[in-house]
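*Asks:* Taken in order, these protein sequences are the chains called A and B. Residue 1 is where the first sequence starts when you use my numbering, and the numbers rise one by one after that. Residue 259 is where the second sequence starts when you use my numbering, and the numbers rise one by one after that.
Hints may be right or wrong, so weigh each one.
Keeping only pairs whose Cα atoms sit at most 25 Å apart, straight-line, the calculated DSS-like set for lysine-lysine is [what the hints assert, rightly or not]:
(1) B:516 with A:30
(2) B:318 with A:201
(3) A:203 with B:318
(4) B:535 with A:201
(5) A:2 with A:201
(6) A:177 with A:113
(7) A:30 with A:66
(8) A:30 with B:276
(9) B:516 with A:16
(10) B:535 with A:235
(11) B:276 with A:203
Simulated from the structure, these hints should not be mistaken for lab results. None of these values were measured; they are calculated from a predicted model.
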Amino acid sequence: MKILVGVKRVVDYAVKVRVGANGVELKNVKMSLNPFCEIAVEAAVRLKENKAASVSEVVALSIGPKQCQETLRTAMAMGCDRAIHIHTDLRGDYMELQSDSVAKLFQKVIEEKEKDVDLVLVGKQAIDSDCGQVGPMLAGYLNWPQATFAAKIDLDGDGLMVERETDQGTETIKIAKLPAVVSCDLRLNEPRYATLPNIMKAKKKKIDQFQADEFDVDLTAKNKVLEVFEPPARKEGITVDNVNQLIDKLKNEAGLLQ
Amino acid sequence: MPLTVLTDDEEMIQNSVKRWGNQHLQPALVREMEKNERISPSIIQDLFTQGYMCLEIPEKYGGVGLNFTSACITIQELSRVDPSVALVVDVHNTLVVNAIRFWGSKFLQAKYLPKLATDTVSAFCLSEANAGSDAFSMITTATASSDGSDYTINGTKSWITNAREAGLLLVFCNVDPSKGYKGITAFVVDADSAGVHIGKTESKLGLKASSTCQITFDNVKVDADHILGEIGQGYKYCIAILNEGRIGIAAQQIGIAKGCFDVVMPYLKEREQFGIKLVDMPAMQQQYAQAATELYAAELMMYNACRLKENGLPFAKEAAMTKLFASQITEKISSRSIEWLGGIGYTTDTIVEKFYRDCKVGSIYEGTSNIQRQTIAKMMASEP
Chain A
1 MKILVGVKRV VDYAVKVRVG ANGVELKNVK MSLNPFCEIA VEAAVRLKEN KAASVSEVVA
61 LSIGPKQCQE TLRTAMAMGC DRAIHIHTDL RGDYMELQSD SVAKLFQKVI EEKEKDVDLV
121 LVGKQAIDSD CGQVGPMLAG YLNWPQATFA AKIDLDGDGL MVERETDQGT ETIKIAKLPA
181 VVSCDLRLNE PRYATLPNIM KAKKKKIDQF QADEFDVDLT AKNKVLEVFE PPARKEGITV
241 DNVNQLIDKL KNEAGLLQ
Chain B
259 MPLTVLTDDE EMIQNSVKRW GNQHLQPALV REMEKNERIS PSIIQDLFTQ GYMCLEIPEK
319 YGGVGLNFTS ACITIQELSR VDPSVALVVD VHNTLVVNAI RFWGSKFLQA KYLPKLATDT
379 VSAFCLSEAN AGSDAFSMIT TATASSDGSD YTINGTKSWI TNAREAGLLL VFCNVDPSKG
439 YKGITAFVVD ADSAGVHIGK TESKLGLKAS STCQITFDNV KVDADHILGE IGQGYKYCIA
499 ILNEGRIGIA AQQIGIAKGC FDVVMPYLKE REQFGIKLVD MPAMQQQYAQ AATELYAAEL
559 MMYNACRLKE NGLPFAKEAA MTKLFASQIT EKISSRSIEW LGGIGYTTDT IVEKFYRDCK
619 VGSIYEGTSN IQRQTIAKMM ASEP
């Protein structure tokens with residue numbers, strides 16, 4: 001089995017983002033591997049460690065600026081064998097490069113560069129754009145079966161048994177035959193640490209470089225961002241003098257009591 | 259480049275250690291290890307797995323092959339969470355591993371560096387009950403056999419860090435007391451050798467989880483090929499290795515001071531008295547700004563000492579100044595931090611009281627502050 005894992009370089013989850021004239025301020029802001037992509041990498045590496053899966057190699061793919069190579073290095077330090085970097089300076093947080101173009105770039109990589117991919121693992125969504133679209137779009141373009149929001153992935157004959165998390169509960173989907181696309185949710189696994197020895201070994205692993213515009217893909221945004229603004233500041237609370245006042249406010253102002 | 263700008267590798271290491279420290283050295287575990295006066299074996303195992311115990315060991319011996327600055331960064335980030343764990347890493351990497359790398363024969367390097375990289379903790383055995391600052395007055399002896407093929411070590415070493423966890427001991431002995439300090443010779447000793455007795459564990463004010471014990475050598479036989487470097491050169495090696503090891507201690511102190519600020523700043527921003535946030539009170543501002551300034555200075559001194567050493571330039575005076583200053587400002591900052599937190603700072607509900615106790619030994623071990631100043635003064639006096 002050959003696995004392709006999508007990894008995105010995003011604003012670190014702990015950063016308090018600021019909104020400037022051009023959307024979210026990215027200058028000098030700490031960037032990291034998208035947490036859901038990290039879960040996808042862990043899933044791929046665990047499959048590789050599972051002899052029954054017979055994984056030949058795990059390839060990590062990232063689309064973005066030069067610094068994506070650091071993100072790919074982290075993925076390789078976790079266990080990916082090699083990586084592909086598609087270089088573009090277009091903003092990946094929905095402002096410029098959007099899901100449709102990303103899905104099509106993934107498709108081109110699979111159809112033109114890495115022709116024998118059996119499984120694509122991606123995070124369910126990126127924490128900057130929060131679209132959750134690349135996985136399903138890619139499956140659509142490739143005409144491959146898909147399972148999104150995976151909380152459990154098991155080998156099942158020629159295919160996979162995937163438990164998905166939905167708002168109503170867990171749903172189990174059988175993917176009869178590979179190749180397929182699976183997007184990974186929070187409870188799928190707890191990603192391993194990249195140890196220092198593995199971080200240093202990852203430096204020697206191969207990263208193939210391409211330019212985004214060398215693929216026959218339209219990179220222009222399909223959707224126009226009209227405005228980016230912070231959510232309204234939390235209003236100050238008030239103090240009440242007694243319980244009766246509290247009940248009155250809850251009933252008649254907040255509308256929380258019948 | 260500015261001193262505080264790290265290389266890509268160093269930054270990656272800093273992020274990695276920070277993340278591991280925050281997730282694995284949870285406050286409850288740190289307190290439990292302090293209470294048990296023992297570092298949990300699984301943490302020691304993790305230190306090896308993560309690569310923190312082989313930072314400067316070359317890759318061919320199973321290490322990560324990084325630079326000295328990376329070691330200091332690792333020690334600093336670990337100290338922010340648990341200075342006792344950081345000390346294990348510090349002594350192992352900067353005192354024993356490096357001594358073996360610098361002066362060990364090919365035989366000793368090939369035999370021990372792979373073990374030190376993967377599963378063997380080490381201890382640096384220099385001090386004795388009556389030989390602290392005056393280390394050269396040690397009375398532990400190593401007597402050569404008639405044909406010189408092996409030595410017998412007798413004596414007791416005191417205040418040995420990592421004594422309980424160590425599988426390998428670097429022991430400084432005198433092979434010829436008539437020569438005074440010129441008889442001092444360093445031996446690489448397996449901790450499970452017959453005659454090695456780990457003695458009573460010291461009950462300390464701070465760094466309680468770090469094991470500090472007496473080690474008695476009772477007719478311990480060591481082959482001559484386990485001598486580190488040359489006979490009678492031990493005194494040179496211990497001075498040289500402590501010259502750089504003390505930069506690692508400075509890194510520990512700086513990490514502790516940062517650990518204090520990690521707790522204090524969020525608290526000051528939240529706590530309000532007299533309708534004003536503590537962080538905005540003029541009296542508080544004066545204090546924490548001054549403290550942060552001194553911490554910044556110490557940090558720059560540490561990075562500069564690292565860079566001087568990495569570039570093969572003289573650094574002994576700067577290293578002594580760094581350790582002296584870092585231990586002084588950390589003592590002050592940890593003490594102030596308790597005050598800034600007020601009553602709660604005085605309880606074990608916050609970690610700051612532990613940092614206050616942990617850092618005190620910074621002005622004592624690896625060369626007391628008096629020794630640092632004397633070292634600096636001697637160098638200044640002999641400058642043209």
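*Asks:* A separate judgement is required for each hint: does it hold in the structure or not?
*Replies:* Right, here's what the structure says about each hint:
no.	hint	result
1	B:516 with A:30	holds, 20 Å
2	B:318 with A:201	holds, 12 Å
3	A:203 with B:318	holds, 16 Å
4	B:535 with A:201	violated, 48 Å
5	A:2 with A:201	holds, 21 Å
6	A:177 with A:113	holds, 22 Å
7	A:30 with A:66	holds, 15 Å
8	A:30 with B:276	holds, 14 Å
9	B:516 with A:16	holds, 21 Å
10	B:535 with A:235	holds, 19 Å
11	B:276 with A:203	holds, 21 Å
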